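Novice: Fit chain B to the known structure of chain A by using the hints.
These protein sequence lines are chains A and B, in that order. For the first sequence, my numbering gives the first residue as 27, with consecutive numbering after it. For the second sequence, my numbering gives the first residue as 322, with consecutive numbering after it.
Computed from the model, here is a short list of chain B residues facing chain A with C-beta under 10 Å:
| no. | residue |
| --- | --- |
| 1 | T620 |
| 2 | N621 |
| 3 | N626 |
| 4 | G627 |
Listed next, the in silico DSBU-like pairs over lysine-lysine satisfying Cα-Cα at most 30 Å (straight line):
| no. | chain 1 | residue 1 | chain 2 | residue 2 |
| --- | --- | --- | --- | --- |
| 5 | A | K200 | A | K418 |
| 6 | A | K83 | A | K329 |
| 7 | A | K200 | A | K280 |
| 8 | A | K178 | A | K298 |
| 9 | A | K256 | B | K539 |
| 10 | A | K418 | B | K611 |
| 11 | A | K298 | A | K200 |
| 12 | B | K539 | A | K280 |
| 13 | A | K329 | B | K423 |
| 14 | A | K178 | A | K373 |
| 15 | A | K200 | B | K539 |
| 16 | B | K440 | A | K418 |
| 17 | A | K178 | A | K280 |
| 18 | A | K329 | A | K53 |
| 19 | B | K418 | A | K329 |
| 20 | B | K539 | A | K418 |
| 21 | A | K365 | A | K83 |
| 22 | A | K373 | A | K298 |
| 23 | A | K53 | A | K83 |
| 24 | B | K418 | B | K611 |
Source of the hints: derived by calculation from the structure; they are not laboratory data. Nothing here was measured: the structure is a model prediction, and the numbers come from that model. Where a beta carbon is used, it is the ideal one built from N, C-alpha and C, also for glycine.
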Amino acid sequence: MRALVATGSIATVLSMSAAHASAAGGKITLTETSYYTSSSSGPIYGYLTTLFNNFEKSHPGIVIKREDIPNSPQYLTTVAAEASAGSLPSVLMLDNPMVPTLASYDVLTPLSTLGPTAIPTLGAAQQAEAKFNGTIYGYPLYTNTIALFYNKAMLSAANIQPPTTWAQLLTDAKALTNSQHYGIAFSGENCSGCNVWTFIPFLLTNGGSLTRLTTPQSVQALTLWADLAKEGAIDKDFTTWNQGQPEAAFAADKAAMMINGPWFFGTLNSVKGLNWGVVQIPVNTPGQNVVGPVGGEVWTIPKSNPATEKAAFELLNYMAQPSVDAALGTSTGDIPTVKAANPLWSKTASPLYQPFEAELAHGFVRTSTLGVLYPRVESAVGNAIVSAVIGKQTPAAAFATAQANVNSILEGN
Amino acid sequence: MSTQLPSDEQPPAQAMWSVRAEVGADEVPTSARPAGYDGRGLPRSDGATRRARPIRPATTLHWLRSHRQHAVLLAFVLPALVYIIIFFAYPLVYGFKMSVEKLGFIAGSGPFVGLHNYKVEISDPVTRTALMNTAIFLVVSIIFQFSIGLAVASYFNRRFFLSRFLRSLIIVPWLFPPIASATIFSIMFAGQGGIIDEMLRSLHLISSPIFWFDSSFKAMFVIILVNIWIGIPFNAVLLYSGLQDIPDDLREAAALDGAGPWKRFRYVTLPLLRPVALIVIMLGIIYTVKTFDTVVLLTNGGPDNGSQLMSTWAYQLAFTNFQTGQGAAVGDMLFIFCMIVAFFYIRATRREVVMA
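Same shape as in the complex, but just chain A (with noise of 0.2 Å):
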């Protein structure tokens, strides 16, 4: 890894004297933009202030500008609107399924073409993650997936050890109802990251697909979120929600348990008597291996000129050393992905972070086979999943009419 940056070093220091000739001033400026903002995102704006303040220090010729974006629809659409008039930010960060995307539009500079990468020292999903169509286009840094979330004192009250199959869930849901709390919660609503990626390990643990909707193995995830709503075990508004509801009502005791992340470890720990744990979600047969979604944030380099762009990636490999990763892991609540910073950064994390990290070894790369496709897919499948936990159509009949759609999305239409 050191080798790696120390490579990286030279070319940068080769390429800044050929900036050096035309640049006024002798100092690269690299413009940053991530959603880490000072008001909405807890630890992760504050390291990162300290880490590029280290970074300049240790790279006298390069100083970064901050042009963070909050986390809001606005975020995609500042981004489109700046790749399409050509300034984009030297360094951007992107939620990871957004990559093919703007990488098909040619915007993204392939980091090979930069020098050594920092890609092997990363985990195995990390490593499919971070390329589209076999480039590498960014630094998927740190990741996270969900799991399933319990009140202690609700499940012993009502005498329920923490469920592992479907069919525990479901029981156990159904009795840890009644007026006070409902059984589960979890986000329904149709929108990016939101009911899809928290169906993903159930519909994929179980051998179902996002493409292939009309199997029995698919079928059966979506009757189980379906007799979830039917059962009352699930507050139906379900539908309207995204992450944020569901660990609102588990944290108000509304809920008692909750399938979400591992970025509200912060929120629930500073909820006065709440005392909670987190197993991994619940299989359908004994002996599933819990497919887990790959979340987490990539780190790009959008093409600008060779200059920036070495400097871009500078600071990128800075941010790849495993002592780095490790803390980013810590000030995000997520899990790094460099393999060396993970005994650095389990020194310190939650026991908590197991279950995430053993459904990660299985974890599922959403744009893994469906690149730029994703959004749309995600989109028709969400709709069927919503159409299916409302009753308006059987599981069955829901994921047909999804299927034909999807099958429309891949021809190309």
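Specialist: What follows is chain B alone, placed relative to chain A:
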């Protein structure tokens, strides 16, 4: 026509204009032309004195001199024209250009695909649902906004204790940012602990909670209700000012002639209110058709596109599915939809406007 008239007998419009001409402009604007003016041989209100003026910049082009009146007319129209071209025509044309191209996430420019995007979207059942929902949303919203607004306006048309204070309070929903009101409504309509369900339950109208967002009928009901709530003050305030303009003596005269309250309202107030009412309805249609934020926050077009409107569908295509060309096509279809509505509306009301 007026060429024979001595200059002191100019038609009033021109006389008025000649006063303004002193300020700097030197020709008659369109609106001040006498009827039948053919664009040539316009009389000069200031006749010979104009020639005596020492100031004519030597640089004035010959064209400008011979077409002076056109140039000046153009100068008056130009600012409005530039404004319309930049802020209306250009986006409209650009939107159309996008709708006939294959565009994805980055909407710079793409290959020309003709009417392909329109064909795809017209055959898409979601677009048809969205079109139908938009029509229902529009008609129901306007009927209730207007009638409740009129009732509120009539109520406040009389003076009573605190009427001014209450009248100013009634505008609050209109002043509220849609994001705030939609968020409050989504909390109120929650199935678990939402105040609407709690209220209905305490009144023993329902026994189990109603989940307002699990069917398209209920979801449409909620977004229409919220839109009506937002629109009432706007209707009420404008109709109130319309009512204030109707002289009381007309109603008194009708009362003396033996007309009861309903007949006075029906045959005196309503006809006199017509011009204001027509404008209120037209503005209501415009505001309702472009409703977007409240719907996105309350239902996001769900469940399963059950409350999808043309506006939210266009947004979802362009910014969630990254099918920007098709999103633009749906946006243009919404525009055409508005034009059709406006056409029939203007046709249906033209006679009344003239009469009023």
